[in-house]
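A.B. asks: We have chain F already, so just place chains A, D and B on it with the hints.
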Amino acid sequence: MAAEYVKYVDVTKCDGCRACMVACKNWNDLPAEPQDFLGTMQSHANVSADTWNVLTFVEHENSKGGLDYLFRHSSCYHCSDAACEKVCPENAISYTEFGTVVIDQDTCVGCGYCVQNCPFDVISLKEYKDKNGKEYRKAHKCTMCTDRLEEGLQPACVTTCHTGAMEFGGKDAMIEKAEERVKEIKDRYPNAMVYNPEGVGGTHTIYVLAERPSVYGMPENPKVPTSAVLWKDYAQPIGKMMIGATTMAVVGAFISNKLFNKEGNGTHEDGGESDE
Amino acid sequence: MVEINLNRRQFLKLSGATAATLAVVELGFNEKEAYAKSKELKIARATVTPTICCFCGVGCGILVHTKDNTVVYTEGDPDSPVNEGTLCSKGTTIRQVYTSEKRLTKPLYRAPGSDKWEEKDWEWMYKTIAQRTKETRDKTFVEKENGFTVNKTEAIASLGGAALDNEETYLLAKMMRGLGVVYLEHQARI
Amino acid sequence: MTNHWSDLQNTDCALIMGGNPAENHPISFRWLTKAQEKGGKIVSVDPRFTRTSSKADVYAQLRSGTDIAFMGGMIKYAIDNELYHKDYVVNYTNAPFILKEDYKFNDGLFSGYDEATRKYDRTTWAFETNEDGTPKQDKTLKHPRSVFQLMKQHYNRYDVDTVISVTGTPKNDYLKVCETFCATGQVGKSGTIMYAMGTTQHTVGSQNVRAFGMIQLLLGNIGLPGGGINAMRGESNVQGSTDFALLHHLLPGYVGTPTAKPQHATLADYNANETPAAGYWSNKPKFLVSMLKAWYGDNATKANDFAYDYLPKGNKNYSHINLFKAMYEGKIEGTFLFGTNPVVGGPNAGKEKEALSNLKWLVAVDLWETESAAFWQKEAGGNPAEINTEVFLLPAASSYEKDGSVSNSSRWMQYRWKAIEPKGDSLADLEIIHVLVQKLKELYKNENTAAARPFNALSWNFGEGHHPDIDLVCKEINGYDLKTGKLLPTFGALMDDGTTSSGNWIYTGFYPEEGKNRAKNRDNVDTGGGNYLNWAFAWPANRRILYNRASADLNGKPWSKEKAVIWWDAAQAKWVGNDVPDFVPIKAPSDPGGNNPFIMLKDGVGGLFAPLNEGPFPEHYEPFESPASNVFSSQELNPAVEIHEGDFNLKGDASKYPIVATTYRVTEHWQSGSMTRNQEWLSELVGHMFIELSEELAKEKGIKNKDKVIVSTARGEITAYAMVTKRFKPFIIKGEKVHHIGMPWHFGYKGYATGDTANHLTPHIGDANTTIPEYKAFLCNVRRAD
Amino acid sequence: MSKQQKPELQVRRFSKGFVWAHAINAISFLALYITALPMYTEWFDWLYVVLGGPEMARLLHRIFAVTFILPTFIWLIFDPKGFKLWLKELITWKKRDIQFFAEFTKELFGFKSKHVKQTFFNAGEKINSILQILTAIIILGSGFPMWFPDLFPSAVVQWAYLFHNIGFGLAAAVVVGHIYLSVIHKNSRPGFTGVVTGKVPARWAKEHYAEWYEEEVKKGNFPDLDDPKQNKKKGA
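Residue numbers (this note's numbering), protein chains in the order written: chain F, 1 to 276; chain A, 1001 to 1190; chain D, 2001 to 2786; chain B, 3001 to 3236.
The hints are simulated quantities; they were obtained by calculation from the structure and are not laboratory data.
From the derived model, a few chain B residues whose C-beta atoms are all more than 10 Å from chain F:
1) S3028
2) T3072
3) F3073
4) G3124
Simulated coverage check for chain F against chain D, where a stretch passes if three residues somewhere in it have a Cβ under 8 Å from a Cβ of chain D:
5) 14-22
6) 67-74
7) 158-166
Glycine included, every Cβ here is placed at the ideal spot set by N, Cα and C.
Chain F on its own, in the form it takes in the complex (with noise of 0.2 Å):
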């Protein structure tokens, strides 16, 4: 079992200069989502089928009365406990042995399900014609550059951040790093904070953030939707043992129907033919 990697993010050392979404865009052939202007100088609002990780601007006032610009790559955060994997009802969702998740594009069949219980949202649907016309959906997120991983290179992106804002390893050593980080920087951000939710099992792309997650648009404490949790791990499973257990019954009944009912020959006291 290869060890389980991580993807750590210190935003306090990203310039912005959004490299990561370009070799996303360039490793895995992804065509160009052009949008309206957003009034900053981030190009999507959110990550999409076509563009895996973006690369949000937040201009914020900080608590030293200072301007702080923040910028941090927004990518799939790759659970330990993924709310898509267990929604989907496919199982075309898995865990890779690095601790990735990954979507399986033939298994897939669009539904759409992890779309909407993705805590992060950072999980889409792209459309597809085939050949004859015909439409189709596939989700779609970052890989982390799993067939990457495979041949033993890191991610694209972490390859391409020039100031060591990403790095990619061993999950505790990621940690360990991280809250190194953060005493580091105790006295400029006095919010810092490492982010690698509970919620969600911890996740393997770790932030070291500057500023309380909210101020990044990101969730403060996001979790597995319990409706999931009750739908996935119980509902669905009940719901299976009880069409089992009711046609069980029907099932026992029509036997013992069968045994019982030969000698009784119907219950008419005034002997009426049954019908057959």
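C.D. replies: Same frame as chain F, now just chains A, D and B:
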């Protein structure tokens, strides 16, 4: 229906269902293997050539991966001490300098007053440009002015190019000075 | 750059002013981040809070065009608080030199100014000299007419309150910047200045850079690792194209172009008038003659002054703005555009586009159909039927579709290998130029007219066919010993008697022997101090940190071991260390001139006092279009600037155009945008032309974020989106609120991401020395577009 | 081993409106069940192919989701009286209804059980209706946000998945019983023909729905089986 073949899977195959059926049937049940098989590593079997970025003055090293006569990937050159394998957004996109459909691939000529380009071959272009240059130069060449030997023409200007290689800038300066051009400028000025 | 990119990791403080490296030279932040990790500070001084400012430890805003006020105040701060590196200043600069009596400065003007010609007569700025011609010196720096005292007196007028009333910088921010950067004056510390067009694109651009030079000399930062003055140049080979002199006033290797004036009548006149008595420039004749041998080969003989007469000579200013003025007035018939797009990148671009329609023919060589090549189309606003210019648009190969070398901003000449055949029918510029010359040679072959002779004499032997042999070009640049035919190992071997050739003397030595093109070196083992001497080749002579002699004291011992580069090894009797000495290797500190680190200059010391066209000391003057009158003197505009009248350069008045405007770049686009706006992955990152304005200005004008707005100046109007931001704040200039906006200048009507061209707004006026246009500070007005 | 069939006397149990409503309801439910099955369990993924791909399955599911809503209105419009009766009976619960269950379970497994007097809808049917209404509301209520996720906050959509699942689980379970009783279980099989043709054997009706049958006899709609001379008259 003589005999219901309860093995659903068999049933589908025998009934000659559409090819898509077979796809379902043949589906590899091991997702990971299905995932990897669908994508041979892009840069496998590619030729790698080091170059220097064409954009700003930092001079980052870039590796160009080429395969089947196109550029499949470009990334930072890990050997270069300038950027140690990392790049910015422009350097990372340098692949599209080749793959972009907007690239000019044919010499184009616009006749006076015309509102469109016409394709011309290189030989015609070279010949015509040389003629125009000679014509203008001969007409406006000044050998002496106020008693000084000047050997210049002020009717031809040459602008550019800060993105040309050193060898190209050397030949361009030599050519233009050789022609007596004094209006010799480029982006370093602006 | 005096230093280089990876050397930035050695700095204790980087003053980033007039530049935005995080966006326009992003990889510099790989090294600045490493410097920060080692405790280094980053100071960002910019009208706007940029991505660089976001990473900086200290940020201060300043109004565009007030850099000299800002730096003048810092010079005063360094002197008053005695933060300058005393020994360095006394021994390695001309601080102790003594000015003659008649040097004066009064109300913004130095002595010797002629209002009519707007030029200075520099004779009154001369030093007092001893009998042997060497300048008199007062090492105690007390003499009232010593450079030090005159400088102190000059900048005494730049007290903090006066400065911030001009720059609009909040006082505590200003003091924080001065305190943080001047701390690098201590021995053992080094500070670097990183600047770009924000410093140079002003009517006082050259003096802006001079101010950086002065502060760095005062703080003893020149020649140290993590020190120096580092101009971040914008294009992959603008350093090379400048070295190879695609500029009207230079020949390759920064040898001044001979002009049609008496002092340049003959080669002897030129050498006599242009060769300084001392300093390495005293070898200029060797450089010029060797170049003439490279250009004219055997046709350059001692008898014909090595074909000196064939060099074109003029007596006008042929720079970009004047070139387009001549074109605008129909004096130019034909123009070549090699990978350049003035209709977007040039100042007052609307006028420049009009000028193009006066041409008889235009040759454009580019990878894309640029706005300049297609200036005649309807989209460009013209009527094709009325434009009679013949246009030849030649498809060029991209950077990795050909071999060749480029010199980056830190003078590293790095080789590029061809990765793939040129796309379609495109060709490398090398080949296009080569074949054009071949065709012209054919046309002139049998002629012997005045026009034909100089061109026929030009030697052009880079192989017969269409494809020139680039190796021959490289060798011609490096130069040969013509007696033996062998390549020259160093420019030290150049001669002025025609026995050596060199296309560009500063590169001589990059190809010392057959098969050893050092631009191709790829040994990336650090040879010490992060200088990587075996990676590529850095002109001159592979020196990575210029003036590195100044990193050692009078005895040749480094001022501090942390900031050592080279030192005198008495045993070996030569300079040793982590870099090729920027000094005569065997000249001991005790030898005469052994303590003169600035080997190019006559006196061998740094110029605190250094005459330029508008004076020996940088003095604040307001930009061409300024919102406020000059506080420091009654001189409003730089007195030595050439002003163009008429509709070629209309001037806006503060009453009609009250808002200060500047232009800049973004990471995702490059220069005129034709390279990046024709790529989809970059066009989607920044897809729209926008202006950035403060929340206060937006409120006053009723503009909401993302509204379409119209920006107008005396020269034109453009439409753009409004990006209302906290990163621009209004300035308080002399007690008055002045608004400031900024915009990227990449956009044009071609490519995937299109938008209006910001340079329709910028003025046709340039710096007094280089005529670089004043893009960075002009006046405009803004209104909602609906 | 049916005895020699005598033309059994039929009486009309269900109105045309109800028959149509029930038919559409059954077909829609079945179609919804089939088109959702592959999503419910991978074991049925092969159904995707039969249905013409996941998109076609989804499209069909949505079409039948709409037809699934119609039965209530069809019944209401074409047989308002029956509809009103149904609602009334659903809320009338007497002791005998509880007794019914005791007897019903015994009868279901073939043990001796005796009839409990029941109105038009016996307690089992009433429970079945209530459950079907409940599960329909849950399924439709959660199905709508699932179909148009953009119109709802994500939390609503997320919980909708759960309820859709629960609703479906319950409905499916109930339907299994319902189909068994109507198609397979011996004694209740006439109910099936009744729901299809609207008519049931008078005798069977009298036995199973004594109170309803007597009412109809009082109204003169049904023949009084106890009166020998009348057993030939055909039910209205």
